[in-house]
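A.B. asks: First to last, the protein sequences are chains S and X. Sequential numbering from 1171 applies to the first sequence in this note's numbering. Sequential numbering from 1183 applies to the second sequence in this note's numbering.
Careful: at least some of the hints might be erroneous.
With a Cα cut of at most 16 Å, we get these calculated EDC-like pairs of lysine to aspartate or glutamate [stated by the list, open to error]:
(1) S/Lys1258 with S/Asp1386
(2) S/Lys1302 with X/Glu1192
(3) S/Lys1302 with S/Glu1289
(4) S/Lys1258 with X/Asp1199
(5) S/Lys1408 with X/Asp1199
Rather than coming from a laboratory, the hints here were simulated on the basis of the structure. Keep in mind it's a predicted model, so treat the numbers as computed, not measured.
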Amino acid sequence: MTATALIPTMTAAFLGAFVEVVEAFTIVLAVAITRGWRPALIGSGAALALLVVLVLIFGPLFSLIPLKALQFVIGALLILFGMRWLRKAILRASGYLPLHDEAAAFARETDALARQASERRADLLAGLAAFKAVLLEGVEVVFIVIAVGTAHGLTLYAGIGALAAVIVVLAIGAALHRPLSRVPENALKFAVGLMLTSFGVFWTGEGLGAHWPGADLSLLGILAVFAVFSFAAVARLKRTPGVTG
Amino acid sequence: MKVLRAVLGEVLGLFVDDGRLALLTALLIGGVSLLVKVLALPGLWGGALLLIGCLAILASSLAQARPRR
């Protein structure tokens, strides 16, 4: 294990999980404030339990796949996943797409829950909202941890990175007791998109038998290429007439 | 059932947002794999092609985007 593999792995897992947990926290907090902590915690707990079961079922299957094939498959999925994030982050940074707004998401969810308040199943619906939010964002966190960790046998460290993100978000959220709307989500997504796409190209290449010059250090070179391209793309798109910024 | 459908949709959505971007990326990965495995292109060249191809696809996708008004 080298620092050039470990640091990007833990950083990508931490940042990726951070963004997803912030989004899940917004919905769970909306449920808790509107309907109480009971449905929020039951819904979140059930989703976390389901995620654990999924990891326990599918996790061991990865050890059955030969390393080169695993690197290729995970790398290809990471390219698809990372390019999607990177494209969206570039478009948001250049004003082509609106930035994600946690305060607005919180208001929308609170409003929807308030409209259901008179229904007999209001608590169940609120619990389901928390369940869905934690499960959907959790699936992304699990994918990021497995994807950035598995190909180099660093899943444990990727998991520690993600767990640290969960703890940090929950600690800040518990202290503030409101959505974390001041988190620079797009900047984080930009960084994660860059890292995941770079990991993807690196591992797909390794899966195809590439011996990258400088071994793991090449990852930083690929990251630099994507970063320069992306910042240039943002600068160019910002110059386009009609961008509202 | 709704939740299950939402989860499956979300899992697919992890990889596919802009359909053209996803399709071109999948074709690039498939094409480079063929070049390396069938035509014996050196792996490092395959990796370099992958990097250049990803940048080209991203550039093409961004060029097609329209600013919000």
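A.B. asks: Now tell me, hint by hint, if it's right for this structure.
C.D. replies: Consistency of the hints with the structure:
A hinted pair counts as satisfied when its Cα atoms are at most 16 Å apart, and S/Lys1258 with S/Asp1386 does not qualify at roughly 27 Å. For a cut-off of 16 Å, the pair hint linking S/Lys1302 to X/Glu1192 stands: about 11 Å separates their Cα positions. With a C-alpha separation of about 19 Å, the suggested pair S/Lys1302 and S/Glu1289 falls outside the 16 Å cut-off, and the hint is violated. Restraint check: the Cα-Cα separation between S/Lys1258 and X/Asp1199 comes to about 9 Å, which is no more than 16 Å; the hinted pair holds.
With a C-alpha separation of about 22 Å, the suggested pair S/Lys1408 and X/Asp1199 falls outside the 16 Å cut-off, and the hint is violated.
Hint compliance for this structure: hints 1, 3 and 5 are not met, and every other hint is.
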